[in-house]
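Trainee: Here are the chains, one letter per residue:
There are 2 protein chains.
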Amino acid sequence: MATAGTTRTDKTDSQDLTDVDLVTVLQALSDPVRLEIVRQLSTDTELSCGQLELPVGKSTCSHHLKALSAAGVISEREEGVRKFLRLRRADLDRRFPGLIESVLRSTG
Amino acid sequence: MATAGTTRTDKTDSQDLTDVDLVTVLQALSDPVRLEIVRQLSTDTELSCGQLELPVGKSTCSHHLKALSAAGVISEREEGVRKFLRLRRADLDRRFPGLIESVLRSTG
Chain R
49 MATAGTTRTD KTDSQDLTDV DLVTVLQALS DPVRLEIVRQ LSTDTELSCG QLELPVGKST
109 CSHHLKALSA AGVISEREEG VRKFLRLRRA DLDRRFPGLI ESVLRSTG
Chain W
49 MATAGTTRTD KTDSQDLTDV DLVTVLQALS DPVRLEIVRQ LSTDTELSCG QLELPVGKST
109 CSHHLKALSA AGVISEREEG VRKFLRLRRA DLDRRFPGLI ESVLRSTG
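Heads up: the protein sequence lines correspond to chains R and W, in order. Sequence positions in the first sequence follow this note's numbering and run 49 to 156. Sequence positions in the second sequence follow this note's numbering and run 49 to 156.
One or more of the hints may lead you astray.
Copies of the same chain look alike in the list, so a pair counts if it works inside one copy or between any two.
[As the list claims (entries may be wrong)] For lysine to aspartate or glutamate, the following DMTMM-like pairs were computed, each having C-alpha atoms within a straight-line distance of at most 25 Å: (1) K114 <-> D79; (2) K106 <-> E94; (3) K114 <-> D92.
Since the hints were made in silico from the structure, they are not lab data.
Excised from the complex, chain R in its bound form:
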């Protein structure tokens, strides 16, 4: 629901991870840039796109964010012109117990 005075839409939080299969999530994680995004979001705070520090341009970054979002790994929330990203750590852990923690541990 929109908060008074802001335009807020959460594109992915309503997506139930029950429908996401393991192959989809593994494919989404099988990329060094996407793993780095997941690592930077692992502090459990939301980050705006501009706060991510990545060795790729904006359009490549958007492509990777879309892949992670489609697989249910991250959620995107728009507030005005800014987009905020969040790792869906609890949802992932419920659907694939231990997976995201072991991946984060291995990314150092």
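Guided by the hints, dock chain W onto chain R, whose structure is given.
Mentor: Using the frame of chain R, we list chain W on its own:
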């Protein structure tokens, strides 16, 4: 070392998983047929290629086994004309703690 009377070569056991990165392993696991191979090998016994029950032909199976072997996920051992496969569960768990267990748990 060859055992008397048989021709045994282990192609992959000498490969140190220290050199294998997380992206390589995740890519190797990001396929339904390869996940099924891993699942069937998770009983910790060696299986010959012919013992795997897969919905693909022999050459496709070989392709997937090669990918898993190259990523250090399985080892292949030849004994005469037969090839035996084994999941490198302990090696994987040392290199990427918890990863293979969470993947196996999620494959049901």
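Trainee: Hint by hint, note whether the structure agrees.
Mentor: Hints, verified against the model:
For a Cα distance limit of 25 Å, the shortest separation of K114 from D79 qualifies both inside one copy, at 13 Å, and across copies, at 20 Å. Taking the shortest alpha-carbon separations for K106 and E94, only the intra-copy value of 18 Å comes in at or below 25 Å, while the best inter-copy value is 47 Å. In this assembly of identical chains, K114 and D92 lie within 25 Å of each other by CA distance solely inside one copy; the values are 19 Å within and 38 Å between copies.
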